[in-house]
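Undergrad: Residue-level listing of the chains:
Number of protein chains: 4
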Amino acid sequence: MSFRPLDPDFENKTKESFSRQWFMDFIGAELTEVRPGYCEIQVPYKKELSQQHGYFHGGVIGTVADNAGGYAAYTLMPADASILTVEYKLNLLAPGDGKRLISRARVIKPGRTLTICRPEVFVVKKGVQTLCATALMTLMALHGKSDMPG
Amino acid sequence: MSFRPLDPDFENKTKESFSRQWFMDFIGAELTEVRPGYCEIQVPYKKELSQQHGYFHGGVIGTVADNAGGYAAYTLMPADASILTVEYKLNLLAPGDGKRLISRARVIKPGRTLTICRPEVFVVKKGVQTLCATALMTLMALHGKSDMPG
Amino acid sequence: MSFRPLDPDFENKTKESFSRQWFMDFIGAELTEVRPGYCEIQVPYKKELSQQHGYFHGGVIGTVADNAGGYAAYTLMPADASILTVEYKLNLLAPGDGKRLISRARVIKPGRTLTICRPEVFVVKKGVQTLCATALMTLMALHGKSDMPG
Amino acid sequence: MSFRPLDPDFENKTKESFSRQWFMDFIGAELTEVRPGYCEIQVPYKKELSQQHGYFHGGVIGTVADNAGGYAAYTLMPADASILTVEYKLNLLAPGDGKRLISRARVIKPGRTLTICRPEVFVVKKGVQTLCATALMTLMALHGKSDMPG
Numbered sequence: 001m002s003f004r005p006l007d008p009d010f011e012n013k014t015k016e017s018f019s020r021q022w023f024m025d026f027i028g029a030e031l032t033e034v035r036p037g038y039c040e041i042q043v044p045y046k047k048e049l050s051q052q053h054g055y056f057h058g059g060v061i062g063t064v065a066d067n068a069g070g071y072a073a074y075t076l077m078p079a080d081a082s083i084l085t086v087e088y089k090l091n092l093l094a095p096g097d098g099k100r101l102i103s104r105a106r107v108i109k110p111g112r113t114l115t116i117c118r119p120e121v122f123v124v125k126k127g128v129q130t131l132c133a134t135a136l137m138t139l140m141a142l143h144g145k146s147d148m149p150g
Numbered sequence: 001m002s003f004r005p006l007d008p009d010f011e012n013k014t015k016e017s018f019s020r021q022w023f024m025d026f027i028g029a030e031l032t033e034v035r036p037g038y039c040e041i042q043v044p045y046k047k048e049l050s051q052q053h054g055y056f057h058g059g060v061i062g063t064v065a066d067n068a069g070g071y072a073a074y075t076l077m078p079a080d081a082s083i084l085t086v087e088y089k090l091n092l093l094a095p096g097d098g099k100r101l102i103s104r105a106r107v108i109k110p111g112r113t114l115t116i117c118r119p120e121v122f123v124v125k126k127g128v129q130t131l132c133a134t135a136l137m138t139l140m141a142l143h144g145k146s147d148m149p150g
Numbered sequence: 001m002s003f004r005p006l007d008p009d010f011e012n013k014t015k016e017s018f019s020r021q022w023f024m025d026f027i028g029a030e031l032t033e034v035r036p037g038y039c040e041i042q043v044p045y046k047k048e049l050s051q052q053h054g055y056f057h058g059g060v061i062g063t064v065a066d067n068a069g070g071y072a073a074y075t076l077m078p079a080d081a082s083i084l085t086v087e088y089k090l091n092l093l094a095p096g097d098g099k100r101l102i103s104r105a106r107v108i109k110p111g112r113t114l115t116i117c118r119p120e121v122f123v124v125k126k127g128v129q130t131l132c133a134t135a136l137m138t139l140m141a142l143h144g145k146s147d148m149p150g
Numbered sequence: 001m002s003f004r005p006l007d008p009d010f011e012n013k014t015k016e017s018f019s020r021q022w023f024m025d026f027i028g029a030e031l032t033e034v035r036p037g038y039c040e041i042q043v044p045y046k047k048e049l050s051q052q053h054g055y056f057h058g059g060v061i062g063t064v065a066d067n068a069g070g071y072a073a074y075t076l077m078p079a080d081a082s083i084l085t086v087e088y089k090l091n092l093l094a095p096g097d098g099k100r101l102i103s104r105a106r107v108i109k110p111g112r113t114l115t116i117c118r119p120e121v122f123v124v125k126k127g128v129q130t131l132c133a134t135a136l137m138t139l140m141a142l143h144g145k146s147d148m149p150g
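Residue numbers (the working numbering), protein chains in the order written: chain A, 1 to 150; chain B, 1 to 150; chain C, 1 to 150; chain D, 1 to 150.
Keep in mind that the hints were calculated from the coordinates and are not lab data. Take every hint as true, because none was put in to throw you off.
Calculated cross-link-like contacts (lysine-lysine; reagent style DSSO-like; alpha-carbon spacing at most 27 Å): (1) K47/C x K47/D; (2) K145/D x K109/B; (3) K15/A x K99/A; (4) K13/B x K47/A; (5) K46/B x K47/A; (6) K47/C x K15/D; (7) K125/C x K99/C; (8) K126/B x K99/B; (9) K99/D x K109/A; (10) K46/B x K15/B; (11) K145/B x K109/B; (12) K46/B x K145/A; (13) K125/A x K47/A; (14) K15/A x K47/B; (15) K99/D x K145/C; (16) K145/C x K145/A; (17) K46/B x K126/B; (18) K47/B x K125/B; (19) K15/D x K46/C; (20) K99/C x K145/D; (21) K15/D x K145/D; (22) K145/C x K46/D; (23) K46/B x K46/A; (24) K145/B x K125/A; (25) K13/C x K47/D; (26) K145/D x K47/C; (27) K46/A x K126/A; (28) K145/B x K46/A; (29) K109/C x K145/A; (30) K145/D x K109/D.
Since we're looking at a predicted model, the values are computed, not measured.
Throw the hints in and build the complete structure from the sequences for me.
TA: Next comes the structure, spelled out in structure tokens:
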């Protein structure tokens, strides 16, 4: 599906919002791609992100699924709107066993009030990407509430 | 609902497993209560856990919901079983605006293979607890695979 | 939780809307209780509602969970609003083995735009009610769009 | 994704199981395509399937999503296994306004115990198919419990 963004500055505003999320910096997440209706976030492995078997913790997998979905929706919002996660459902499909997580989220149904996204999370090991989680997510636009600090 | 744990040592094994999760330590999460079919996890606020408005990041809320649900199920497992999150669905109900998160998860349907839990997350501000997320979650037992490090 | 309905005529409008759903009549569903933020729907067994083992079909269980959740939310809407199901997640906990289904749904978070409900479905056999499904559901109000036929 | 069925007779066993579901016959559903890891179910409109605006009732949409997902998983099961819906999450994306529903479900992660499917439901109006619902679903195999009537 191809989307026309309402805000021509969608890429900058998305990067700027991402950069103000302390938690993304804390876990070492990077915003690696932004397109209309699409967002990709990557997280290199560090042991602070692991669970008891040394794999990426499910909480990190859920975090990047949620965040990529939120920013995929945000790319399609007008300049004066911010976005809230209403809910998501996440299936964990394989252990987070690898050196990097890549979360890719696509909008599957845009809307003025609600937007539906499908985030997927891959784990990369020896160059092979394995789908380790898939999600289905609902977001709500807050119109007249820009996401800018101030 | 009241549950009889299959493993009399359920409290120690749960605390021991939790203590081996680097990510819980990294975000400052504490396992504050363990009972058969129930688990409570708390996280004090620090700015590293925040999103762009200074509230607890949704990823942290999801992480403690997931983890409390997992350990609530784990309390009912036999000694030689570990537990995997199959999936969860989380509704975010209010901003994570406060000084502490408290996640409380209850088993609503135990089973030999699958266990269903209901995690809830509260945010505490000026002593008042507000429900900020509720979830519904499915976990699977892996029998013959103790969670102990090898 | 106790709720104050915005429309004093909430009970009549709910019953009236239910009575216009052909599908409810087709499966033999009855609206058995309406209170602010709460709705109960019952379906007596008939073999047309069964799956291959003679139990209530999962589709019937999902239908009454969805519908009870929708009407629980509808009781709290102002007179000029209708309600849409945004999404729900349903866990099936036990076979629908019995003579009657009872779906009970409660609002857990009301809102002007979005309302969150928790529907549960019980199956009744020899007078014993067994929880056979639990759900978590998001609904959206459409303001200025009364549900009345026009 | 392409799948090798464990039971070479997967098509017949799927059709045979479907034919024993009274509820599918009652709503007029037809099993229109079965392939390894894929199932399509169609339902022509009749007013008995409608909600208060004359569209397909959400319960019918949920029913065919659930059922197509279940049979998509069933095609990959060995001959002596039956399949149970553990849970699903469904987002309703557009009104069920049309003359026919088509539910198409694909397995996205097969497994010995758990299988994950993605059902989609389209509504057909004047020859145009509109996506009206998308789901994410978990199923469990019951090994040694053939679905055959006894």
